[in-house]
Every structure is written in C-alpha cells, then in structure tokens.
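**Student:** Read off the chains here:
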Amino acid sequence: MTDQTTAEATAASIPTGGRQRAFTEFWHYYSMNTGAVIGLVVFTALVLVAIFAPLVAPHSPDEQFRDALLAPPAWQEGGRSTFLLGTDAVGRDMLSRLIFGARFSLFIGLVVVVFSLTSGIVLGVLAGYFRGWVDTLIMRVMDVILAFPSLLLALVLVAILGPGLFNAMLAIALVLQPHFARLTRAAVMAEKNREYVISAKVAGASHLRLMVKTILPNCMAPLIVQATLSFSNAILEAAALGFLGVGAQPPTPEWGTMLATAREFILRAPWVVTFPGLAILITVLAINLIGDGLRDAFDPKLKRS
Amino acid sequence: MLRYLLHKLALIIPTVFGISLAAFAFVRLLPGDPITALAGERGVSPERYAELVERFGYNRPYVVQYLEYIGRVLTGDFGISLATKRPVLGEFQALFPATLELATIALIIAVLIGIPAGIFAAVKRGSWFDQATMGVALTGYSMPIFWWGLLLIIFFSGYLGWTPVSGRIGLQYFFKPTTGFMLIDSLISGKSGAFRSAASHLVLPAIVLATIPLAVIARQTRSAMLEVLGEDYVRTARAKGLAPRRVIGLHAFRNALIPVVTTIGLQVGTLMAGAILTETIFSWPGIGKWMIDAIAKRDYVVVQSGLLIIALIVMAVNLIVDVLYAVINPRIRVQ
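Taken in sequence, the protein lines are chains P and E.
Per UniProt numbering, the very first residue in the first sequence carries number 1; after that it's consecutive.
Per UniProt numbering, the very first residue in the second sequence carries number 1; after that it's consecutive.
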C-alpha cells in the first residue's frame, strides 16, 4: 500500500489544477511568438481544408475537363473563374487537386510521426534505462541508419518494399526514427539517477513502471519538438519520393507526385509547377514555425531573456 | 589527442561493419535478381543462367558471399557494374568530382552568407534585419528543393534565358578532365568562354543545393552567438571598453564557432541527400544521379558498393568534424 502511494506521488502526477496552470503558462510563452501563432493558424486552416476537402473543393480532383487543358489561373489572360488556379495537362482543376492533396501530406506526416515516435521512444528508453549491451546494440544500429543520407536510404527501402505511398511512409519513418531514439536515450539517462526515480525504485516500482510512468513523462518536451520537426520533414521527404516517381503513384493528387508529372510543362504552363510546390512550402513552413514556437516555449533558458 | 583519436576510431569500427552488412543485405532484399537484370530484355537460357550464378557466386551461402565481398572491397575491388560492365570504383571516381565540385561550391555559398547573416542577426537581435533574416532562413529550411530548382529554371533559364538548363558545360567545349572540377579544368584548357560556360552551368544547382545548409548555418550561428553574447566574459570585455567589433569578432565569435563547425560538418549528409534531387533536376552527372539510375535499373553491384562508399564518406567527414571539434575545444579531449 505504501509502495503504491510513494510511486504514485513520484510519478509526476500533477493535480488537474496544476496541469491547467502549466498549460496556461506554456500558452503564455507560446503566444508571445507571433510566427508560431501564425503557423498554428495556417496549420489549423490546412487541417480543416483537408478534413472537409469534398465540401471545399470546387471540382472532383480526378474529373477531366477536356475543353480546358492547361488552362491558366483565373487572373491570367485566358483563365476561367471556374478554375481559380488553372488546370493541368489533362484538364483537372489544380485547386481541387491541391485541396485533396492536403489530405495526403497531413496524413503522411501524422503516420510517419506516430511510427517513428513510438519505435524511437521504445528503443531509446530501453537503451537509456538498461545501458550495457542493449544500449550498445541499439545505438550502433541507429548510427548505421544515420550514416546513410536519409533520402538515399529511403529510396533503397522503397525499392525493396516496392513503390507506393504506404511503403514510402514506412521508409521515411525508419529513416527519421533514430533521432527519437537518441533524444529519448539522452533524456532517460539524464533523468534516471535523479532522486524521484531512485525513490520510486526503492519503493519497489517495476522496470516497466519506472520506464513508462516515472521517467518518460519528464522527457516529453524535446520529443514533442522533434516530433513537430519530423512531421514537416516527413512531408518534404514523401514529396521528394513522389517527385522521383517512387512515392504516391499518379493519379493520386499528392503534391510531390503532381510536381513530377508537371515537370515537362514547366516552361509552357508554369502554374502546374508553381502551386503544388507552394502548397508544400506553406505547409512545411507553418509546421516549422510551430516547432520553433514550441521549442522556445519549452526552453527555460530562452524564457528569461 | 592521439588517445582521443584512437578512441574515436575504435568506436567507428562496429558502425563500419554495420554499414557494410546493411549495404549487402539491402541488395539481397531487392526484388528480382542480378542475373536477370544483367541479361536485360532478351533473357537467358536456364543453362547460361546456372553458369552465371555459379560464376558470380550467387548460389553460395550469404555468409561466404559477404566475407568474399568484404575481402574484395579491402583490396579495392568494388565489383563490376551490371549495366556498363565497368568497375564500380572507376565509375565512382569519374563521377564523384562533379558532385564534390557542386557540394563544395554550395557549402562555400552557405558558409559565406550564412555565418555573417547569423552574426548580424544575433548582434541586432529583434531588429527588422534579424526578423527578416530568420524569416528567410526558416523559409529556406522548409523549402522543397526540387521545386525551388524548377522555379529557378523557369525564371533564369526560361524567362530571362541567362543560364542553361542542364549539364556541366556547353557541348562545344571538350577537353580531357585533369582535376575533374569543371571550373578548374575549363580555366586550364585556355579555351575562351569555357570557364564562363562552366560557371553558368554550376550557379543554379549550387544555389539550390546551398539553400538548406545556408538556412541551417544562419540559424545555428545566430543562436550560438546569442548564447555567447550573454556570457560574463563578453560583458567584461565590453566593460573594459573594447571596440564592439573586437568583442564580437574576437571574443564572442571564436567561441560561437564551436557548435557552428559541428553544424557545417553535419551538412555533408544533407548535401548528399540534396545532391540526389539537385542532380536529377539539372541532369548533373554526379553520384546522386548515378545512384538513382542504379536503383531504377536494378544495378545491384552499383547500389551495394555505392551505398557503402557514400556512407563511408559521410562517416569519415563526421570523424574529421569530431576531431576538429576537439582541436578547437580542448575540454572535449580531456574527458
């Protein structure tokens, strides 16, 4: 009974009021960063657009208007108001494809982060908690993964698994995962010998409980920041794989894949190249702004100044 | 220092072993098989197939194949490309200077612009210059560089007609490569206009490849400078009445340089990954494009040895960075 209460008290279980206060304080620091707030607004808008894509998009992303091949954007000469951002080589509405493309990019980011975060945390906690040969084995494997340029490794993995969106996501998750493992390991090692952990251990907490409930919650801040960065990285890498022809396959309206098919028209119809890339840039920039904001809000050193 | 170096080298050995094992395994996991890839469209008779399998040793146990491969690599034999029938090492040596030249120019651009921009941003913290620089840096960091390359082509090659779209030099210039660096070779050749042509081919790919490292270096320099500028010894130097230029340049920057050097070293991996995209867009005949083509053509030998060589280069550079780090920061050595 006493064991239970000691462990509970040390398990960083802040009362609800405290948690709310912590969030208010966090939000205070986060909202001081204008860029971060803009990033959050843009990102929220993108998420809403992605969710309600069928309602927002003026046309179906796959519908081909044979009378409007490569129609320029509405404000240019020859543009039509029904195709605000113009049409592509087979007469599909660019805006509608971009709107549906947001679904893919955000989904890719989410899946990759969930995959790499979970596996990275598991490996990092194991390595940092047990040390010894477990640590050596796990970290050497991470070193090997990191020694290959990320895109090259992802390309080879996709060649092994076969091209396609799901395999591309798996490959990217594997490539990004060592960063989480390293971060978690470092954080766990820093926390492991702190007094609250030792007291929980003395109180009889099991390995699993120590790892998951006692130590891990105190390592979350750097992981959240890294997760944000990986989210944007995943979108970029997936677009790059799509661009190289091994990611999502046409006619999927994934932004990178759209760019790949648009390449041959770059001088004739610049808009088919401009807008998908702009969509990638805006999305990634918004997420990176959020990441910077989170990092600053979490970092007590920067708070002082 | 020597002990530090030996310690670092000892740590690398298992990683090098892991890299070679991974490169070997990846290629065995690729769908299809090398003999069929070698035969191409015409195919091979079952007898010939068996003979080739026997000749290349693909029927032996993986352990034997792996050890043989490592044995050959240690003697400098990286195998023969299935597609071109030429030694992989020779192909690599012919193509690597193109990538090295591109990456070097890109890194020079990134350092020459990124470090001063980062320093000024830190010194003028909160000013419009700081905000603009960091805004641009974050945009560069978020840039899909394959799209950025296409935009530059649309504007500079298509609209203005200033730069060529692909290759390393105009087709009218032909000379034997001496150094492999087109900028230097074109100067040596003495042909008028050759250097100009080489430079105009290089400028867009170099800008594209420099984009992300430039952004990273500017951001890192700024935060390292900010940290150092808050230190007591900088305040002391200022209080002594030293000129601000001297305080920033001599006292602050030298210490801020330590994390910046590490960051620059870590860009090598980024440059290699970026080279794959940049070389694809600009048809630049370097090792990034070489690897892409090899993967697409299932040239197993090139993929395996190329992966190994590239990873070893990245590792070697990281080791050099570690050592440099110890040279500029004595505290590391003592541990």
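Treat the hints loosely; a few may be bogus.
Example chain E residues on the side facing chain P (calculated, C-beta under 10 Å, incomplete) [claimed, not checked]:
| id | residue |
| --- | --- |
| 1 | L11 |
| 2 | V16 |
| 3 | I19 |
| 4 | S157 |
| 5 | L171 |
| 6 | Y173 |
| 7 | F174 |
| 8 | V268 |
| 9 | I281 |
| 10 | R298 |
Straight line, CA to CA, 20 Å or less: simulated DMTMM-like cross-link-like pairs of lysine to aspartate or glutamate [as the list claims (entries may be wrong)]:
| id | chain 1 | residue 1 | chain 2 | residue 2 |
| --- | --- | --- | --- | --- |
| 11 | E | K8 | P | D135 |
| 12 | E | K85 | E | D322 |
| 13 | E | K124 | P | D296 |
None of these hints come from the bench; they were simulated from the model.
Every residue, glycine too, gets a C-beta built ideally from N, C-alpha and C.
**Student:** Should the hint that F174 (chain E) touches chain P count as held when the rule is a Cβ pair under 10 Å?
**Tutor:** violated (28 Å)
**Student:** Interface hint check: R298 (chain E), Cβ to nearest Cβ on chain P, cutoff 10 Å. Holds or violated?
**Tutor:** Interface hint status for R298 (chain E): holds (8 Å vs cutoff 10 Å).
**Student:** Tell me if the straight-line CA distance from K124 (chain E) to D296 (chain P) falls inside 20 Å.
**Tutor:** holds (19 Å)
**Student:** Take the C-alpha atoms of K85 (chain E) and D322 (chain E), compute the straight-line distance between them, and say whether it is at most 20 Å.
**Tutor:** violated (38 Å)
**Student:** Next item in the hint list is I19 (chain E). Is there a CB on chain P closer than 10 Å to its CB?
**Tutor:** holds (5 Å)
**Student:** Quick one, is the V16 (chain E) hint okay against chain P at 10 Å, beta carbons?
**Tutor:** OK, holds: V16 (chain E) within 10 Å of chain P, min 9 Å.
**Student:** Checking hints one by one. Is Y173 (chain E) an interface residue toward chain P, by the C-beta closer than 10 Å rule?
**Tutor:** Violated, because the Cβ-Cβ distance from Y173 (chain E) to chain P comes to roughly 25 Å (cut-off 10 Å).
**Student:** Is the shortest C-beta separation between L11 (chain E) and chain P less than 10 Å?
**Tutor:** Holds. Min distance 9 Å.
**Student:** Going by Cβ atoms only, is I281 (chain E) closer than 10 Å to chain P?
**Tutor:** This interface hint holds because 8 Å falls under the 10 Å limit.
**Student:** Under 10 Å, Cβ to Cβ, is where L171 (chain E) needs to be relative to chain P, so tell me if that hint holds or is violated.
**Tutor:** violated (20 Å)
**Student:** Should the hint that V268 (chain E) touches chain P count as held when the rule is a Cβ pair under 10 Å?
**Tutor:** holds (9 Å)
**Student:** Once the shortest beta carbon distance from S157 (chain E) to chain P is found, is it less than 10 Å?
**Tutor:** This interface hint holds because 8 Å falls under the 10 Å limit.
Hint check: violations occur at hints 5, 6, 7, 12; the rest are consistent with the structure.
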